[in-house]
Amino acid sequence: MIEAVGLTKRYGDKTAVYNLSFQVRPGSVTGFLGPNGSGKSTTMRMILGLDNPSAGQVTIGGYPYRKLPNAPRQVGALLDAKAVHGGRHARNHLLCLAQLSGIPARRVDEVLGVVGLQDVARKRSKGFSLGMGQRLGIAAALLGDPQVLLFDEPVNGLDPEGILWVRNLMKSLAAEGRTVFVSSHLMSEMALTADHLIVIGRGQMLADMSIGDFISHNSADFARVRTPDTDPQQREKLTAALTEAGGQVLPEQDGALRVTGLPLPRISDLAHGADVRLWELSPHQASLEEAYMRMTQGAVDYRSTIDQRAGLQQELQPGMMPPQQMPVPGQGQPGWYAPPPPQQGGQPFAMPQGQPPAGPYGAPAAPGGGEPNPYAQAAPARPSAAPELTKPEDAR
Amino acid sequence: MIELEGLTKRYGEKMAVNHLTFAVRPGIVTGFLGPNGAGKSTTMRMMLGLDRPTAGDVRIDGQHYDRLKDPLKYIGALLDAKGMHGGRSAFNHLLCLAQSNGIPRSRVHEVLDTVGLTAVARKKAKGFSLGMGQRLGIAGALLGDPRILMFDEPVNGLDPEGIHWIRNLMKSLAAQGRTVFVSSHLMSEMALTADHLVVIGQGRLLADTSMADFIQRNSRSYVRIRSPQRERLLDVLYGAGITVVETDGGTLEVDGGKPERIGELAAQHQIVLHELSPQQASLEEAFMRLTAESVEYHAHADPSLADPSLAGTPSPSAPPPPSGGQGRQAWGSDWKKG
Amino acid sequence: MAATQVVRSEWTKIRSVASTVWTLSLAAVVTIALGMLISLLSKNEFDTMSRQDRLSFDPTFISFAGMSLGQLAMIVFGVLVVSNEYSTGMIRTSLAAVPQRGTFLFSKIAVATGLAFVVALATSFVAFFLGQAMLGSHRASIGDPGVLRAVIGGGLYMTLIAVFSMGVATMLRSPMLSLGILMPFFFLISAILGNVDATKKIGRYLPDQAGNKIMQVVTPVDDDTPYGPWGGLGIMVLWVVVAVAGGYALLKKRDA
Numbered sequence: 001m002i003e004a005v006g007l008t009k010r011y012g013d014k015t016a017v018y019n020l021s022f023q024v025r026p027g028s029v030t031g032f033l034g035p036n037g038s039g040k041s042t043t044m045r046m047i048l049g050l051d052n053p054s055a056g057q058v059t060i061g062g063y064p065y066r067k068l069p070n071a072p073r074q075v076g077a078l079l080d081a082k083a084v085h086g087g088r089h090a091r092n093h094l095l096c097l098a099q100l101s102g103i104p105a106r107r108v109d110e111v112l113g114v115v116g117l118q119d120v121a122r123k124r125s126k127g128f129s130l131g132m133g134q135r136l137g138i139a140a141a142l143l144g145d146p147q148v149l150l151f152d153e154p155v156n157g158l159d160p161e162g163i164l165w166v167r168n169l170m171k172s173l174a175a176e177g178r179t180v181f182v183s184s185h186l187m188s189e190m191a192l193t194a195d196h197l198i199v200i201g202r203g204q205m206l207a208d209m210s211i212g213d214f215i216s217h218n219s220a221d222f223a224r225v226r227t228p229d230t231d232p233q234q235r236e237k238l239t240a241a242l243t244e245a246g247g248q249v250l251p252e253q254d255g256a257l258r259v260t261g262l263p264l265p266r267i268s269d270l271a272h273g274a275d276v277r278l279w280e281l282s283p284h285q286a287s288l289e290e291a292y293m294r295m296t297q298g299a300v301d302y303r304s305t306i307d308q309r310a311g312l313q314q315e316l317q318p319g320m321m322p323p324q325q326m327p328v329p330g331q332g333q334p335g336w337y338a339p340p341p342p343q344q345g346g347q348p349f350a351m352p353q354g355q356p357p358a359g360p361y362g363a364p365a366a367p368g369g370g371e372p373n374p375y376a377q378a379a380p381a382r383p384s385a386a387p388e389l390t391k392p393e394d395a396r
Numbered sequence: 001m002i003e004l005e006g007l008t009k010r011y012g013e014k015m016a017v018n019h020l021t022f023a024v025r026p027g028i029v030t031g032f033l034g035p036n037g038a039g040k041s042t043t044m045r046m047m048l049g050l051d052r053p054t055a056g057d058v059r060i061d062g063q064h065y066d067r068l069k070d071p072l073k074y075i076g077a078l079l080d081a082k083g084m085h086g087g088r089s090a091f092n093h094l095l096c097l098a099q100s101n102g103i104p105r106s107r108v109h110e111v112l113d114t115v116g117l118t119a120v121a122r123k124k125a126k127g128f129s130l131g132m133g134q135r136l137g138i139a140g141a142l143l144g145d146p147r148i149l150m151f152d153e154p155v156n157g158l159d160p161e162g163i164h165w166i167r168n169l170m171k172s173l174a175a176q177g178r179t180v181f182v183s184s185h186l187m188s189e190m191a192l193t194a195d196h197l198v199v200i201g202q203g204r205l206l207a208d209t210s211m212a213d214f215i216q217r218n219s220r221s222y223v224r225i226r227s228p229q230r231e232r233l234l235d236v237l238y239g240a241g242i243t244v245v246e247t248d249g250g251t252l253e254v255d256g257g258k259p260e261r262i263g264e265l266a267a268q269h270q271i272v273l274h275e276l277s278p279q280q281a282s283l284e285e286a287f288m289r290l291t292a293e294s295v296e297y298h299a300h301a302d303p304s305l306a307d308p309s310l311a312g313t314p315s316p317s318a319p320p321p322p323s324g325g326q327g328r329q330a331w332g333s334d335w336k337k338g
Numbered sequence: 001m002a003a004t005q006v007v008r009s010e011w012t013k014i015r016s017v018a019s020t021v022w023t024l025s026l027a028a029v030v031t032i033a034l035g036m037l038i039s040l041l042s043k044n045e046f047d048t049m050s051r052q053d054r055l056s057f058d059p060t061f062i063s064f065a066g067m068s069l070g071q072l073a074m075i076v077f078g079v080l081v082v083s084n085e086y087s088t089g090m091i092r093t094s095l096a097a098v099p100q101r102g103t104f105l106f107s108k109i110a111v112a113t114g115l116a117f118v119v120a121l122a123t124s125f126v127a128f129f130l131g132q133a134m135l136g137s138h139r140a141s142i143g144d145p146g147v148l149r150a151v152i153g154g155g156l157y158m159t160l161i162a163v164f165s166m167g168v169a170t171m172l173r174s175p176m177l178s179l180g181i182l183m184p185f186f187f188l189i190s191a192i193l194g195n196v197d198a199t200k201k202i203g204r205y206l207p208d209q210a211g212n213k214i215m216q217v218v219t220p221v222d223d224d225t226p227y228g229p230w231g232g233l234g235i236m237v238l239w240v241v242v243a244v245a246g247g248y249a250l251l252k253k254r255d256a
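Chains as they are written, first to last, in my numbering: chain A, 1 to 396; chain B, 1 to 338; chain C, 1 to 256.
Take these hints with a grain of salt, some might be off.
What the hints assert, rightly or not - Just some of the chain B residues that point at chain C, by a computed CB distance under 7 Å: (1) Val58; (2) Asp61; (3) Gln63; (4) Pro71; (5) Val120.
Said to hold, decoys possible - To spell it out: a stretch of chain C is covered by chain B in this simulated footprint if at least three of its residues, at any positions, have a beta carbon under 8 Å from a beta carbon of chain B; those stretches are: (6) 12 to 26; (7) 127 to 137.
What the hints assert, rightly or not - Taking lysine-lysine pairs in the DSBU-like style, the calculated list, with each CA pair at most 35 Å apart, reads: (8) Lys14(B) - Lys123(A); (9) Lys253(C) - Lys123(A); (10) Lys123(A) - Lys126(B); (11) Lys69(B) - Lys123(B); (12) Lys14(A) - Lys124(B); (13) Lys126(B) - Lys252(C); (14) Lys124(B) - Lys82(B); (15) Lys73(B) - Lys126(B); (16) Lys69(B) - Lys253(C); (17) Lys123(A) - Lys73(B); (18) Lys69(B) - Lys126(B); (19) Lys201(C) - Lys14(B); (20) Lys14(A) - Lys123(B); (21) Lys14(B) - Lys69(B); (22) Lys124(B) - Lys252(C).
No lab work stands behind these hints, which were simulated from the structure alone.
In this text, a Cβ means the ideal position worked out from N, Cα and C, and glycines have one as well.
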């Protein structure tokens, strides 16, 4: 159990972390999310007693880290895979750590086996790839068989097999009743791993809730409905019936319909009533990424903008698009966000070809003011692109 | 367009890349996948003329890399975020690259703006976080407004906003007709970004196929059905010779079934469906199945953790329940008691 | 690819890192300051010198005495210019931008050499005039026979030391390894070889000892060196050419 009460950290004028209070409970994987510069690392460092809070306190099992009896046996942490003496063998690195906290050497070989580094145990860690360094860091975190585990970006540099392994490792550690606290930028990974989320932005708490709640609080679920391709009239009929019943219907690129505001059985009944056959009726939950993006708007540090490419007039090969402005969505303006792709590898939601630019996404209610809308003539292949550029004042 | 023809690289006894032949086409995002040590980086380095192939050939728009005049105008690459001098400012880093290829100075400002680093353009790169370094690397790749772009692990160190941005950037570059070639270990990210996949393992080509085909061929797909008239539906499906699996939650699953056919059957027999959803395994699962043989550093504690078959747990919507508690309990508990 | 583009790019590279400024200014300051100090000491000791030493007294050469230490900073400059690319990983970015490795290397060396030459020549002139000022009545004049040649030669000598270091660093890639070989070589080994009679004949064909000759105006009484000032510089140039050619051959061949 990790408990923070009014945790605050100031660096001179800048407040990195402000008045954070939360609990990380045992038995589940708690994800720790936030944009770059939101104070995640600072918080992690204060939990581990590396930085002193300016105000408030954070305890592990009731003690501040520095007063924790036999801390290495209680808390294991992976903060930075590079915090290893490069000239030392992997095994010796762990052995040093083990000896510091009175852990038998046998355990070192055990954890090396656990992370799959037994074959390179005698190699200098200098020659390690990022992924191998990460495995070594995880081995060090597991060394004391601790009750509380902290991981900062644990899958960094790992290959797919390693990512899967880390994910299952964290889940099984939590299932044993340990406290597992993981920070990551990979929303899709977090969605698969974490049970509970703590989200901070600009050093302040934005959310502390279960992952399911988080997604449903911050986004809308929808249904994907497909009618027989052979009979386009059925699609129109269904669209009319659903709209009449109060649902919002948006067409998808592959001809399916995206329906929000109506439960699945109701859609089924309406289809039945309109005498429309269904080829697909599937429930979709919005992605964690979408929910997260909605929540953290305005708490982002380095914003990207579209590529002007004014300095370069390169001739493009025939068949290529003329060098128009490149639409780069990603700036979370309220409302721009297209719902997530309906399936793995699917196309992002897009308006059908030939939709006039004055469609719902073509003429946004620009909150940025009178900027010309660069997407009015954007490449037709990407009509769903962000309607709004980053507001310059957001880029710090 | 990048074309590889029998590309081979040998380091002493070890074949890092073994006779690779494939083409990366314009207009789509091509994902480049493989376990660690599969030869991805070596292949990318040979594409850029950094490593010399032992045998075979790579051509960029039909030419050898070192024959390209001002190569940054043809192909921009992000190989690793560390490919810069930490003591140089972001602006100067890009400026020296621009000058070497005759790219105007104004373009440097543009790409800095594109990646969102204008505010720190005069700061030294060594103070940059991994994510900022990554953005600077991406700026370098965009500098020559090239028709071919190559990204090695582009989302490394980026925060969710940055990940989202680079994903859409890559898609829009492809939509403009450019060739986009991306390597990544993040299957979930790849699933959202790539249209086509090239998969290698132990230096050999394992797959060169569209994303949809890849998943279909390497994993189980099924249709999930819920209906208030479950018994009648079962009868109808049985009558049509369709094998149905009943699950705990009261839903039905039809392996490899076509939702269209089931939908038509239900309509014919006036059966109400509350769900009719085609389910596909994740890219990750498909990838794991394909490459299970060619992984270099296997982690293992208790079998439930490392067994790649665990990856084969279907239904992406219902992740496998955590398992293997007992095996873990044994760790260290023996010495703790003593 | 126009070489001028690459040269411009290399100029941006070299002016935008701090190590350029501090290595070159250290080279200048050390050479000048130490030269002044030794010139001052020599002036004070002149009266107690033996007749033979007085006959060999070379005020020009003495004012360049600081170069023995100042050249070490030049070595660091030459090594860092090249090996920075490797130690930071910039090399992959650079070679992807300029795949013609010959153009890349020679543009880099040309820019660094040009810069080193300007600094070295200025250092040499300043060291000469300030050194002569310290020597008081024993001083030489820039108009004396051979003196101008020696002063310009001093600039050439320091430049060539830097270029030699660039060649070696291109071959070795690692800054630590390159400095670990070059520093003791020029500071210790060369001096030892040159001062022990048995090895003197070999020692004087080493780049620094041969190159030194260009800065001598008064030939020591018992000197039996088989080459003159320009001959010595020629020997040094040969060394430099070999080092750079070796670096080019390796860069061309090897994976980046």
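Results of checking the hints against the structure:
1. Proximity of Val58(B) to chain C is violated relative to the hint, the smallest CB-CB distance being about 12 Å (cut-off 7 Å).
2. With its C-beta approaching chain C no nearer than about 14 Å, Asp61(B) sits outside the 7 Å limit, and its interface hint is violated.
3. For Gln63(B), the suggested interface contact is broken, since its CB lies about 11 Å from the closest CB of chain C, more than 7 Å.
4. For Pro71(B), the interface hint holds, since its Cβ comes within 7 Å of a Cβ in chain C; the closest pair sits about 6 Å apart.
5. Because the closest C-beta pair between Val120(B) and chain C is about 15 Å apart, greater than 7 Å, the hint is violated.
6. Counting residues of the segment 12 to 26 of chain C whose beta carbon lies closer than 8 Å to any beta carbon of chain B gives 6, which reaches the threshold of three, so the coverage claim holds.
7. Given a C-beta distance limit of less than 8 Å, the hint that chain B covers the segment 127 to 137 of chain C is violated, as 0 residues qualify and 3 are needed.
8. As the CA atoms of Lys14(B) and Lys123(A) are separated by approximately 19 Å, the hinted pair is consistent with the 35 Å bound.
9. A threshold of 35 Å between alpha carbons decides the hint, and for Lys253(C) with Lys123(A) the separation of about 29 Å falls inside it, so the pair holds.
10. Straight-line distance between C-alpha atoms of Lys123(A) and Lys126(B) comes to about 28 Å, which keeps the hinted pair within the 35 Å bound.
11. The straight-line distance between the Cα atoms of Lys69(B) and Lys123(B) is roughly 31 Å, inside the 35 Å bound, and the hint therefore holds.
12. The suggested pairing of Lys14(A) with Lys124(B) holds, with an alpha-carbon distance near 21 Å, which does not exceed 35 Å.
13. As the CA atoms of Lys126(B) and Lys252(C) are separated by approximately 29 Å, the hinted pair is consistent with the 35 Å bound.
14. Of the supplied pair hints, the one linking Lys124(B) and Lys82(B) holds, its CA atoms being roughly 13 Å apart against a limit of 35 Å.
15. Pair hint Lys73(B) plus Lys126(B) holds up; C-alpha atoms about 27 Å apart against a cutoff of 35 Å.
16. The hinted pair formed by Lys69(B) and Lys253(C) meets the criterion: a straight-line CA distance of about 21 Å does not exceed 35 Å.
17. Between the alpha carbons of Lys123(A) and Lys73(B) the distance comes to roughly 42 Å, so the proposed pair goes past 35 Å and is violated.
18. Between the alpha carbons of Lys69(B) and Lys126(B) the distance comes to roughly 31 Å, so the proposed pair stays at or under 35 Å and holds.
19. Restraint check: the Cα-Cα separation between Lys201(C) and Lys14(B) comes to about 48 Å, which exceeds 35 Å; the hinted pair is violated.
20. Restraint check for Lys14(A) and Lys123(B): satisfied, since their Cα atoms lie roughly 19 Å apart, inside the 35 Å limit.
21. With a CA separation close to 34 Å, the supplied pair Lys14(B) and Lys69(B) stays within the 35 Å bound.
22. A distance of roughly 31 Å separates the Cα atoms of Lys124(B) and Lys252(C); the hinted pair therefore holds under the 35 Å criterion.
Checked against the numbered hints given earlier, this structure breaks hints 1, 2, 3, 5, 7, 17, 19; the rest are met.
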